[in-house]
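2 protein chains.
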Amino acid sequence: MTDVKFKRLALIGIGLIGSSIARAARQHGLADEIVCAARTDETRRVALDLKIVDAAYENPVDAVRGADLVIFCTPVGTYETIAKAIAPALAKGAIVTDVGSVKGAVIKAIGPHMPDHIDFIPGHPVAGTENSGPAAGFAELFIGRWCILTPTKDAGEGAIARLSAFWTAMGSKVDTMDAEHHDLVLAITSHIPHLIAYNIVGTADDLEDVTQSEVIKYSAGGFRDFTRIAASDPTMWRDVFLYNKDAVLEMLGRFTEDLAQLQRAIRWEDGDMLFKTFSRTRAFRRQIIDAGQETAAPDFGRVHPGDDSAGKP
Amino acid sequence: MTDVKFKRLALIGIGLIGSSIARAARQHGLADEIVCAARTDETRRVALDLKIVDAAYENPVDAVRGADLVIFCTPVGTYETIAKAIAPALAKGAIVTDVGSVKGAVIKAIGPHMPDHIDFIPGHPVAGTENSGPAAGFAELFIGRWCILTPTKDAGEGAIARLSAFWTAMGSKVDTMDAEHHDLVLAITSHIPHLIAYNIVGTADDLEDVTQSEVIKYSAGGFRDFTRIAASDPTMWRDVFLYNKDAVLEMLGRFTEDLAQLQRAIRWEDGDMLFKTFSRTRAFRRQIIDAGQETAAPDFGRVHPGDDSAGKP
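Sequence order for the protein chains is Y and Z. So that you can map any letter, position 123 of the first sequence is 123 in the numbering used here, and since no number is skipped, the others follow by simple counting. So that you can map any letter, position 85 of the second sequence is 85 in the numbering used here, and since no number is skipped, the others follow by simple counting.
It should be emphasised that the hints constitute simulated quantities derived from the structure, not laboratory data. Each hint should be verified, as a subset may be incorrect.
Some chain Z residues near chain Y, calculated using beta-carbon distances under 7 Å [what the hints assert, rightly or not]:
#  : residue
1  : Tyr-57
2  : Val-61
3  : Thr-189
4  : Asp-225
5  : Ile-229
6  : Ala-231
7  : Trp-237
8  : Leu-252
9  : Trp-268
10 : Ser-279
11 : Gln-293
12 : Ala-296
Derived list of chain Z stretches under chain Y, where covered just means 3 residues or more per stretch with a C-beta under 8 Å from a C-beta of chain Y [unchecked claim]:
#  : region
13 : 122-133
14 : 191-200
15 : 203-213
Beta carbons: idealized from backbone N, C-alpha and C, even for Gly.
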C-alpha cells in the first residue's frame with residue numbers, strides 16, 4: 001500500500017482551498033506537521049488562530065524548507081515568482097503540486113524552475129465555494145469531488161501514486177489527463193460559466209430602466225443562481241482567464257454562435273427550435289445528479305422558509 | 001380587513017405552480033372548495049390522489065363554473081384559447097388572474113375576451129423550482145417571494161386588495177407595476193438567465209473534443225449551477241421567449257455587447273478590466289442575501305457529504 005503520510009506539508013497560500021486541505025489533512029492524519037506561507041500578517045494570524053497550521057511564514061522559502069509535500073494554493077499569476085524563489089530550498093525527494101484551475105500555463109510557470117531531485121505534478125481539485133480566505137475552508141470540501149492530476153513525463157510513478165493517495169484520503173476521486181485536455185474540459189465546465197455569470201451580473205448592474213433594487217427583489221426568477229459563482233475571488237478568476245486564454249476564447253466562440261442561433265429563433269418566433277433546445281438539456285442535469293456531482297433536491301436543497309429541512313419540501 | 005376567503009378556487013392547470021397554490025390555499029384555509037382543470041387523465045388522477053383538489057375536470061369551463069377566483073396556471077401560449085372558452089361561464093364578480101412569467105402578452109391574450117362583470121388582474125409569483133408537474137409543488141413555495149400584480153385600469157380596487165391578500169396569506173410579498181415594466185425587469189432577472197443556461201448546456205452537449213461524461217464529472221467547477229434552471233419546463237419557457245420577444249431581445253443585445261467586451265479583454269490580456277468587472281459583482285450577491293432572496297450558506301446550502309447539516313461546513 002502507498003504510504004500517504006507526509007512529514008511536513010507546506011501550503012503556499014491559505015485561502016479557501018489551502019485551508020480546506022490543511023483541515024482535511026489534519027483530520028485524516030496525512031501529515032506530521034502542516035505549515036503555510038501567507039503574504040499578510042492578518043491571514044497568518046487567522047490561520048494560526050484557527051489552529052489549522054502549526055506554523056505560518058511570510059516567506060514561502062521558509063515554509064518549504066524540509067517539506068516533503070509542497071502545494072501552491074495562491075492565484076496562478078503568482079506561481080512563477082514563487083517557483084523561482086523556493087527552488088533552491090526544496091528538499092530532495094519532495095513532491096511539488098498545485099491547485100490551480102489551469103494546467104498548461106502552470107507547467108510553463110513552475111516546470112522550468114524545478115530542480116531534478118523533486119517530483120513536480122500539477123493538480124486541480126474541482127471543488128470550491130463562492131467564499132474566500134482561510135476561515136471559508138472546511139475539511140469536507142473535497143469529498144466526492146474529482147481531483148485532476150496532469151503529470152508530465154518527468155514525474156515518477158511512485159510520486160504520482162503518493163499524491164493520488166493523498167487526495168483519495170481527503171475524499172476525492174482522482175483522474176489523470178494531459179494538461180492541454182484539462183484546460184479544454186475546464187474551459188467549458190468552469191471558466192465559461194464563471195465568465196457568463198460575471199457578465200450578466202454586470203449587465204444587470206448597468207441598466208437604466210430597471211433599478212438594482214428591482215433586480216435584487218425579483219432575483220428568485222433565475223438571476224440569483226448566477227450570482228453565486230459571480231461572487232468568487234476576482235484575482236483568482238482574472239488569472240484563470242489570462243492563463244487559459246486560448247481554450248476560453250475557443251469555447252466562448254461556440255457559446256456565442258449558439259446564443260446567436262437562439263436569438264434568431266426568438267426574433268423569427270421559431271417555437272419548435274426553442275422547444276427542441278430546451279428539451280435536450282434536462283437529461284444533462286439528471287446525469288449530473290446520478291453521478292453524485294449535484295443534489296437531487298429541488299432548488300439545490302435551499303431551505304424554503306417554513307420547511308423544517310433543506311430540499312425536502 | 002379584506003376578506004381573503006374564496007368560495008370556489010378554480011386552477012386552470014395543476015403543475016408546479018398550480019399545485020403549490022392548491023396546497024398553500026388549503027393549508028391557510030383560503031378557499032372552501034379547490035378545483036382544477038387538467039388536459040390529461042394522468043394529471044387529474046395525480047392531483048386527486050394527492051388530495052390537493054376537491055375535483056378535477058378535463059374542460060376548464062366546468063372548473064370555472066361558480067368560481068369566485070380563477071387562476072390560469074398553464075403555459076402562456078394556451079391562455080387565449082382558454083380565455084375564449086371560459087368567458088361565458090365566468091360567475092359575476094369573479095376575480096380572474098394568472099401566474100404567467102410575461103404580462104403584456106397575457107393582457108392581450110385574455111383581456112379582450114373577459115366579460116365586464118368580472119375583474120381581470122394579471123399576476124406573476126416570482127418563485128419556482130426546476131421541477132414540473134402536480135407532485136413537484138409544495139405549500140411553502142411562495143414564502144418570502146415576491147408576487148407582482150399588473151392590473152389594468154379596468155380592475156376594481158377591492159378586487160386588487162382581495163387578490164393581494166390571497167398572495168400575502170400564502171407568504172408572498174406583493175408588488176404592483178405596469179405590465180411593460182414587469183416584462184423588462186423579468187427579462188433580465190429571469191428570462192435571460194434561463195436562455196443562457198439552456199444555451200451553455202447545449203454548447204457543452206455539442207463538443208467533439210470534450211465528452212459528455214467529462215462535462216458531467218467536472219461540473220462542480222461551475223457548470224452544474226447552470227443546469228438547474230436549464231432543467232425547467234421547455235413548453236413554458238418556449239412560450240416565455242415567444243411572448244416577451246422585444247424585452248428579451250433588448251436585454252440579450254446588452255448581454256452580448258458586454259460579453260464581447262470581456263472577450264476582447266481576454267484576447268488582449270487586459271487584466272485590470274477583468275479584475276474590475278469581477279469585483280463589482282460581489283456586492284450584488286451580498287444584497288440579494290440581505291434582501292432574503294437567497295441563502296447565505298456557501299454553495300447554496302448544498303449538503304457536503306460528511307457534513308451533518310446543509311450549509312454549515
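Hint check results:
| no. | hint | verdict |
| --- | --- | --- |
| 1 | Tyr-57 | violated (27 Å) |
| 2 | Val-61 | violated (26 Å) |
| 3 | Thr-189 | holds (4 Å) |
| 4 | Asp-225 | holds (6 Å) |
| 5 | Ile-229 | holds (5 Å) |
| 6 | Ala-231 | holds (4 Å) |
| 7 | Trp-237 | holds (5 Å) |
| 8 | Leu-252 | holds (6 Å) |
| 9 | Trp-268 | violated (10 Å) |
| 10 | Ser-279 | holds (5 Å) |
| 11 | Gln-293 | holds (5 Å) |
| 12 | Ala-296 | violated (10 Å) |
| 13 | 122-133 | holds (count 6) |
| 14 | 191-200 | holds (count 10) |
| 15 | 203-213 | holds (count 8) |
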